[in-house]
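Participant: Here's the letter readout for the chains.
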Amino acid sequence: MSERETMEYDVVVVGAGPAGLSFAIRLKQLQPETSVCVIEKASTIGAQILSGAVIEPQPLDALLPGWRDNPPPICVPAGEDEFWLLNKTGGRKMMVPPGMRNHGNFIVSLGAMCAWLAPQAEALGVDVFPGFAAADTVYNEDGSVAGVRIGDMGVAKDGTHKPGYTEGIDIKAKVTVLAEGARGSLTKQLIKRFKLDADCDPQGYSIGIKELWQLPAGRVTPGKIVHSFGWPADSHTYGGSFLYHLDKDRVALGYVSGLDYTDPEYQPWEAFQQWKNHPMMKPLLEGGSILSAGARAIVTGGWQSLPKCEMPGALLIGDTAGLLNVPKVKGTHQAIRSGMLAAEHLAANSLNAAGFDARLRNSDAMAELKKVRNIKPAFKKGLWFGMLNAAWETVTGGRSPWTLKNKPDWSSLHKLGEYEAPKRDYVQRELPPRDRLAGVYFAATEHDEDQPIHLHVADTDICATRCVEEYDNPCTRFCPANVYEMVADTSATHGKRLQVNAANCVHCKTCDIKDPYEIITWVTPEGGSGPNYQNL
Amino acid sequence: MKILVGYKRVVDYNVRIQVKPDGTGVVTDGVKLSANPFDDIALEEALRLREKGVAEEVIVVGIGPADLTAHLRNGLAMGANRAIHVVTAEAMQPLTAARTFQKLIEKEQPGLVILGKQAIDDDANQTGQMLAALWDRPQATFASKVEIADGKATVTREVDAGLETIEVELPAVITSDLRLNEPRFIKLPDIMKAKSKPIDVIEFASLGIDSGDHLKTTHYAAPPKRSKGVMVKDAAELVAALKQKGLL
Chain U
1 MSERETMEYD VVVVGAGPAG LSFAIRLKQL QPETSVCVIE KASTIGAQIL SGAVIEPQPL
61 DALLPGWRDN PPPICVPAGE DEFWLLNKTG GRKMMVPPGM RNHGNFIVSL GAMCAWLAPQ
121 AEALGVDVFP GFAAADTVYN EDGSVAGVRI GDMGVAKDGT HKPGYTEGID IKAKVTVLAE
181 GARGSLTKQL IKRFKLDADC DPQGYSIGIK ELWQLPAGRV TPGKIVHSFG WPADSHTYGG
241 SFLYHLDKDR VALGYVSGLD YTDPEYQPWE AFQQWKNHPM MKPLLEGGSI LSAGARAIVT
301 GGWQSLPKCE MPGALLIGDT AGLLNVPKVK GTHQAIRSGM LAAEHLAANS LNAAGFDARL
361 RNSDAMAELK KVRNIKPAFK KGLWFGMLNA AWETVTGGRS PWTLKNKPDW SSLHKLGEYE
421 APKRDYVQRE LPPRDRLAGV YFAATEHDED QPIHLHVADT DICATRCVEE YDNPCTRFCP
481 ANVYEMVADT SATHGKRLQV NAANCVHCKT CDIKDPYEII TWVTPEGGSG PNYQNL
Chain V
1 MKILVGYKRV VDYNVRIQVK PDGTGVVTDG VKLSANPFDD IALEEALRLR EKGVAEEVIV
61 VGIGPADLTA HLRNGLAMGA NRAIHVVTAE AMQPLTAART FQKLIEKEQP GLVILGKQAI
121 DDDANQTGQM LAALWDRPQA TFASKVEIAD GKATVTREVD AGLETIEVEL PAVITSDLRL
181 NEPRFIKLPD IMKAKSKPID VIEFASLGID SGDHLKTTHY AAPPKRSKGV MVKDAAELVA
241 ALKQKGLL
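Chains as they are written, first to last, in full-length UniProt numbering: chain U, 1 to 536; chain V, 1 to 248.
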């Protein structure tokens, strides 16, 4: 076999999200002569970015001082904030928690914002390569990270090479910056290899499912921000909604479910659809149409779950590190901040990753996370305890002498018959989409069917035997894109076997996080595959 | 021999097309744009002919606004030797596009022009045919196989009744059908090489072409929504329902 082709850069960044692009821009501002490339698995920049998103503008002001004169395509100044506790038929307007007051912030489409950041990085000399997935990490002889390996293109489902087969190249760099977003597939390997999580709690996640709607004229109040909790979640499931009024009669809406939920029968996608049919939501949406839709895991472990963010030859920034602020429901400002911090660190230390972790831990980004570290974990004890605790932690500014622990999300499910299933007080749904398959159509997700399945299930026997008995195959419910199906198979113990419809995958990573046996591994498919979100 | 290839940028085939609320067009803001798939096939065929030694130079041609450069770089990264960018902010109808190609042909004197059989935005399927007429050269449309020898192209065409093989004298216009080939993947190092390949920029206005845009679009509309279906219990009920609608 011929030698694999190699390209060399001073720095390779994995992922063209807000963290990766901010990092690249900042490094080029500080050291224009440093060569930097950013690789991105989506076919175009922003196509696999999904966020609310209300952002705090201060880090952007620091990165691109003139940005307000040339704002991203969707950028609506935050207006009135509302915070609601819902029940099935109505709700109560609550005081807006301090962390969720958005005066001075902006509602953006984070996808569109990344597509706006990328050319600014390119103008500074950064090479941005969409459509190329970093399938693996490569190492130096001394064990340090040497760069990444791009996935091969043109491999058939059975592993043979199709006529257009193109071997992926290696990109070697003095330092590799992982900016993959929540639950990055390379980050996961690196955390294990370098034991980066030896001194922290397990990471925690939520799943956010989002739609962008076009509404009949006159219903939208641009800038209005509405958050809710309560129905349709039961009091032991962490769940809440967001509704952001954009311009041009559009609204962004979504529902977030904590992946520490315990009921294996719970369906995050169904909870989202239920909330849309709440009497306060339905009249707003009726008669409108869906423009785009998708889902993405959100990192929620916070301060106590932050792994060590450096290793020889590489560092972690943004959500793949785990810097999102849960009570604020925001991570973009933290992503930009950590990207800039990493750039400043590398510029000052001849591209040496060592020392970045300490620098990050002494930064504003970490101080912000420390203050709110106890808020999310307390909701494990129920909604009311969580609320009271949140009030306490807010009043004291997080100075409690204790730190609540996080547990891994895969371990939180109750076994069938060993718990009392919560009563789901659901309504008859009328708004589209009818089901997950109808919903995934709006994600415009595309995978060449003739490629290896990118969702590796290590032991499908478990699915057909133990999992049927213990959890009733929760993968068929937690996946927002209906990737996992149990289909009839008379030869199987319980008459069914797992079928993985990988082409539907929207790259949210929930299966990699929530599967109770830790047997599902999400790996990158062929570059350019996956959802093609518009303005999410 | 030089080969001229049409390389149009269109809304990507994976994108769900949305009509603007005011009906003046389709939404292209924040929408992924990429090469017309038939043009990718046309370019691939040209590159293969060059690799076989039949041609020496492959030139990709784009007609469109200033930001078309990035799109043309993709064509260069795939392997074209150089690009021509005819700059215009206006969308172009087939006759004007054909006249533009005719002007470029006068200048470049190619031995072969390969275009996609149609673009997936307007699905017009006209530019290749019109160009052949204007140029007064043979055309071989809907090609699924191309062989070139002794100044002639032997082209298998996908026609309604099956496959038709014709022979045309070069220079000629060939338009590509879906089965002609499978375009190659772009390699990262080739994207870097493409950055230094030349792109000739020509203002459309400087070509002195009479506009052939004789069609006027009145408005755009989404197809009507399908109404809800009805579940029937059995065949008898189905027959009754169909009879009631006067369909049986």
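For the record, the hints were derived by calculation from the structure and aren't laboratory data.
Glycine residues also receive a C-beta, built at the ideal position from the N, C-alpha and C atoms.
Careful: at least some of the hints might be erroneous.
[Said to hold, decoys possible] Within a straight-line C-alpha distance of at most 25 Å, the following computed DSS-like cross-link-like pairs (lysine-lysine) qualify:
(1) V/Lys52 / V/Lys152
(2) V/Lys20 / U/Lys248
(3) U/Lys174 / V/Lys197
(4) V/Lys245 / V/Lys225
(5) V/Lys216 / U/Lys172
(6) U/Lys371 / U/Lys407
(7) V/Lys52 / U/Lys162
(8) V/Lys20 / V/Lys152
(9) U/Lys174 / V/Lys225
(10) U/Lys172 / V/Lys195
(11) V/Lys197 / U/Lys282
(12) V/Lys245 / U/Lys248
(13) U/Lys282 / V/Lys20
(14) U/Lys93 / U/Lys224
(15) V/Lys152 / U/Lys162
[As the list claims (entries may be wrong)] Covered, in the sense of this in silico footprint (three residues per stretch, anywhere, with C-beta under 8 Å from a C-beta of chain U), are these stretches of chain V:
(16) 4-15
(17) 29-35
(18) 188-195
Participant: Now tell me, hint by hint, if it's right for this structure.
Facilitator: Evaluation of the provided hints:
1. Only pairs whose Cα atoms come within 25 Å are accepted, and V/Lys52 paired with V/Lys152 is accepted, the gap being roughly 15 Å.
2. For the suggested pair V/Lys20 and U/Lys248, the alpha carbons sit about 11 Å apart, so the restraint of at most 25 Å is met.
3. Pair hint U/Lys174 plus V/Lys197 does not hold up; C-alpha atoms about 29 Å apart against a cutoff of 25 Å.
4. As the CA atoms of V/Lys245 and V/Lys225 are separated by approximately 20 Å, the hinted pair is consistent with the 25 Å bound.
5. A threshold of 25 Å between alpha carbons decides the hint, and for V/Lys216 with U/Lys172 the separation of about 54 Å lies outside it, so the pair is violated.
6. Restraint check for U/Lys371 and U/Lys407: satisfied, since their Cα atoms lie roughly 20 Å apart, inside the 25 Å limit.
7. Between V/Lys52 and U/Lys162 the CA atoms are separated by roughly 21 Å; this keeps the pair inside 25 Å, and the hint holds.
8. Distance restraint check for V/Lys20 and V/Lys152: the Cα-Cα separation of roughly 47 Å exceeds the 25 Å cut-off, and the hinted pair is therefore not satisfied.
9. Restraint check: the Cα-Cα separation between U/Lys174 and V/Lys225 comes to about 55 Å, which exceeds 25 Å; the hinted pair is violated.
10. Restraint check: the Cα-Cα separation between U/Lys172 and V/Lys195 comes to about 20 Å, which is no more than 25 Å; the hinted pair holds.
11. At roughly 55 Å between alpha-carbon atoms, V/Lys197 and U/Lys282 are farther apart than 25 Å, so this suggested pair is violated.
12. Note on V/Lys245 and U/Lys248: the hinted pairing is violated, with a Cα-Cα distance of about 41 Å set against a maximum of 25 Å.
13. Among the hinted pairs, U/Lys282 with V/Lys20 is consistent with the structure: their alpha-carbon atoms are about 24 Å apart, no more than 25 Å.
14. The suggested pairing of U/Lys93 with U/Lys224 holds, with an alpha-carbon distance near 15 Å, which does not exceed 25 Å.
15. For the proposed pair V/Lys152 and U/Lys162, the alpha carbon gap of about 31 Å is over 25 Å, so the pair is violated.
16. With a cut-off of 8 Å between beta carbons, the region 4-15 of chain V has 3 residues touching chain U; three or more are needed, and the interface restraint holds.
17. Interface restraint, the region 29-35 of chain V with chain U: holds (5 residues with C-beta to C-beta distance below 8 Å; minimum three).
18. Residues of the region 188-195 of chain V with a Cβ under 8 Å from some Cβ of chain U number 4, which satisfies the need for three, so the listed coverage holds.
Hint check: violations occur at hints 3, 5, 8, 9, 11, 12 and 15; the rest are consistent with the structure.
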